[in-house]
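Each chain, letter by letter, is given below.
Number of protein chains: 2
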Amino acid sequence: VNAPLCVLGAGSWGTSVAALCTGEVRLWARRSELAAELNETRRNGRYTGDLELGPSVLATSSIAHACDGAAAVLVAVPSAAFRDVVLEAAKELSTTTPIFSLTKGVERGSHATMTQVIGECTPGAVVGVVTGPNLAKEIARGLPAACVVACADAEAARLVQERLHGPRFRVYTSSDVAGCEIAGAIKNVLAIAAGVSDGLGLGDNARAAVITRGLAEMVRLGVALGGNPLTFGGLAGVGDLVATCTSDRSRNRRVGLALGRGESVGAAVDSLGEVAEGVVSADPLVDLARSKGVELPLCEQVAAMVKGASTPAASFAALTARPARDEWDPALLSEEHG
Amino acid sequence: VNAPLCVLGAGSWGTSVAALCTGEVRLWARRSELAAELNETRRNGRYTGDLELGPSVLATSSIAHACDGAAAVLVAVPSAAFRDVVLEAAKELSTTTPIFSLTKGVERGSHATMTQVIGECTPGAVVGVVTGPNLAKEIARGLPAACVVACADAEAARLVQERLHGPRFRVYTSSDVAGCEIAGAIKNVLAIAAGVSDGLGLGDNARAAVITRGLAEMVRLGVALGGNPLTFGGLAGVGDLVATCTSDRSRNRRVGLALGRGESVGAAVDSLGEVAEGVVSADPLVDLARSKGVELPLCEQVAAMVKGASTPAASFAALTARPARDEWDPALLSEEHG
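Top to bottom, those sequences are chains A and B.
Sequential numbering of the first sequence, starting at 1, is according to this note's numbering.
Sequential numbering of the second sequence, starting at 1, is according to this note's numbering.
If you are wondering where the hints come from, they were derived from the structure by calculation, not from laboratory data.
A portion of the hints provided could be inaccurate.
Chain copies aren't distinguished; within one or between two, either way the pair holds.
SDA-like, lysine to any residue: derived pairs with alpha carbons at most 20 Å apart [unchecked claim]: (1) K292 / A321; (2) K137 / L200; (3) K292 / A318; (4) K307 / N2; (5) K91 / R43; (6) K137 / G201; (7) K91 / N2; (8) K307 / D283; (9) K91 / G109; (10) K292 / S94.
A quick note: this is a predicted structure, and the numbers were derived from the prediction, not measured.
Here chain A stands alone, though its shape is the one from the complex (with noise of 0.2 Å):
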């Protein structure tokens, strides 16, 4: 029994895990010229290049069919686009059918993650997220690469970890869908200031400063939301936030290295021709860490950087201008954070 696994979206990475996969998988893409296309040679030439989709990966425009008999589904379009496609899809598929996030974003307008989404749009159904160090660029080449698969139900998890795990594709597994979820989104906010850093010449000390800043803000908002630290010590948090501050493949970080030599906004965002999930989730972030009184001093200014609100340069004679102190906030150093 291999029930046909679905993928909701045939951008990079949702191409790319459609081919990663082993057994039947449908590849839902909303326009049907793409399905076509995919169908036809096999590849998706805009976004994952030679990548070669096996005999195994059926495309669709048709949400219906790509969610028919579906073992589980995992949604892998914009943040932008989310609700409106698991909507969709929900009208489709039995409550018992697990649905994974393969999406790192907030949700303008509601703050709401990937997984509150889902869950909003389907009312009890088994939640998770597939997330980590995971350029899809570099999966489509066929380079080695780790992720973790989380979920409360550790039967869905190990589901997916089966279906995705191979030689190249090393899936852990994980409970905590919370703390991987904040990391896969407040990690594409800190690659734009990662990206600026390096754009204002800084340095390779500086960067590393930033990430690990950068690092304590995603612990510090992840365990007010009910993450595991370890979480963040892990592939969800340090994995993918290393890959995506340091990778010349990041968008997000390609947004920030252009905005530090001087581009403006919009012309550091339309030169991408991608979605940069950083630019949109970094505004509804602060938000949220503020409603749990958490201070993001980086994330603040990506957001007033990305609003046009402040300057590389000044952003950055902001946060050095903060006294330096201990490490680490005498609350985090309670026992119960150990």
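Model the placement of chain B on the given structure of chain A, informed by the hints.
Structure of chain B alone, referenced to chain A:
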């Protein structure tokens, strides 16, 4: 009352730190020719290029002169020479003078950390470390960075913080000497692994996975040696690890890059012209971990590679052949480490 700081060792890091300090500094160079050159030209051409030493820095080849009346001693010589230099200095110091290690490594043979060496040479002395993402060549160029000064004696830590802190060098304090020190030693070994990954062309996802699984090794060993888990998420841990693993200015990373591209160990080390502590520390660290019942798979492969007992391809094949499972050992998930 602004007693001089004493910096032992006029390599790239010792010279850079001497230049950063406020107030009077005595900078000890083993070779009297170098001390004379530093005093005359105000530069250390070989190690720090155009970095200018201010008028408050006095270079000397006399350890007695360097130590005389020092408020604190900062030791920045390679691990292989560390014990001899500290023994010489100890004869000149009162037992109340705090001694800080600026060297990241483990002594060959004894497996002692640098602060343990200091403790053996000067029983009863106040001992600390200065560590963090501090690539000397960048600091010598005036680029910004942050560090951690760790000492059980908070007053001694603050003394060094006050003398080193400035707009371009942010100094945080910590009381976790053991954690800071083991982080600094193991990151050099892990940087060789990251360099090998890049030398093999495995990509940014793979490098991020090496850094993340390397951090897990750092946490396991550091906690076993009495370190605070939070230290490894901070500048001394993640921060220094990321800088050393991703910067082409890192000597240890460069050794790994050369190995990954197929050079011999001898050629990789020779082409550096400076000591790469990770080459020396790999074996002692693996031994130290074994004596504590801690497994360090990445460090073990590095130790094998630098001994010529394994090749980059064989080592990475061995690492990826390990079974994938839960990301963290269940023992680490116990309430003790939250």
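Violated hints, by number in ascending order, as checked against the structure: Of the numbered hints, 1, 3, 4, 5, 7, 9, 10 do not hold.
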